[in-house]
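Colleague: Chains as they are written, first to last, in the working numbering: chain A, 443 to 554; chain B, 239 to 352.
In case anyone wonders, no lab produced these hints; they're calculated from the structure. Computed from a predicted model, the values in this text were never measured in an experiment.
Stretch by stretch, here's where chain B covers chain A in the computed footprint (C-beta under 8 Å, at least three residues):
(1) 478 to 490
(2) 525 to 539
Which residues of chain A face chain B? A partial, calculated answer using Cβ under 7 Å:
(3) Gln498
(4) Gly542
(5) Gly546
(6) Ser547
(7) Gly548
No residue lacks a Cβ here, since even glycine has one placed at the ideal position from N, Cα and C.
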Amino acid sequence: DAGVTQSPTHLIKTRGQQVTLRCSPKSGHDTVSWYQQALGQGPQFIFQYYEEEERQRGNFPDRFSGHQFPNYSSELNVNALLLGDSALYLCASGTGARYGYTFGSGTRLTVV
Amino acid sequence: KQEVTQIPAALSVPEGENLVLNCSFTDSAIYNLQWFRQDPGKGLTSLLLIQSSQREQTSGRLNASLDKSSGRSTLYIAASQPGDSATYLCAVRPWSGNTGKLIFGQGTTLQVKP
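Based on the sequences and whatever the hints tell you, model everything.
Modeller: Structure representation (structure tokens):
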């Protein structure tokens, strides 16, 4: 049973560019969340998608946007990249409030 | 505002030692608490999930406890091994509304020396 799959694993972008990260949830999961983890820090919640709608959002600017598709997979888009956007981006999937979340291996984004 | 703190930030122990990692949170209104392991540059691996109504969960050499009233959780690792070296993160899921987000501590980086 495949867990959470994220692509790409690594990415280098130039300041001002746009980037799209992708996530396929674990089989049976219908909720996808995105987190940003800076070096040496705990992950910070960006937003969560359920039934193709953004249900909750953390303290991130509108440059961060997302989408969930009918097959529950999700994309995270970041526009006008800043150097400070360099981080590990983690996708987590789940189903039901009682159950925990399963995380993917992450996408390492470097903005130069 | 819920805040999660993990102490210590780093810990180094000899192989075979039993150890305890601490996690504290400021708001006791949580749905559950989850402990994760993270290897350098990798994603998170879930270790244990404790519901708010539970006091502890066990998996192999790991035991996690939860004292919601005092805002504390501990992760006990028995007979530590070099392969246990990693960063351990705790995360709470707040009870408020229908929130699904997790709030993480900054982690404890564990080194187990052979």
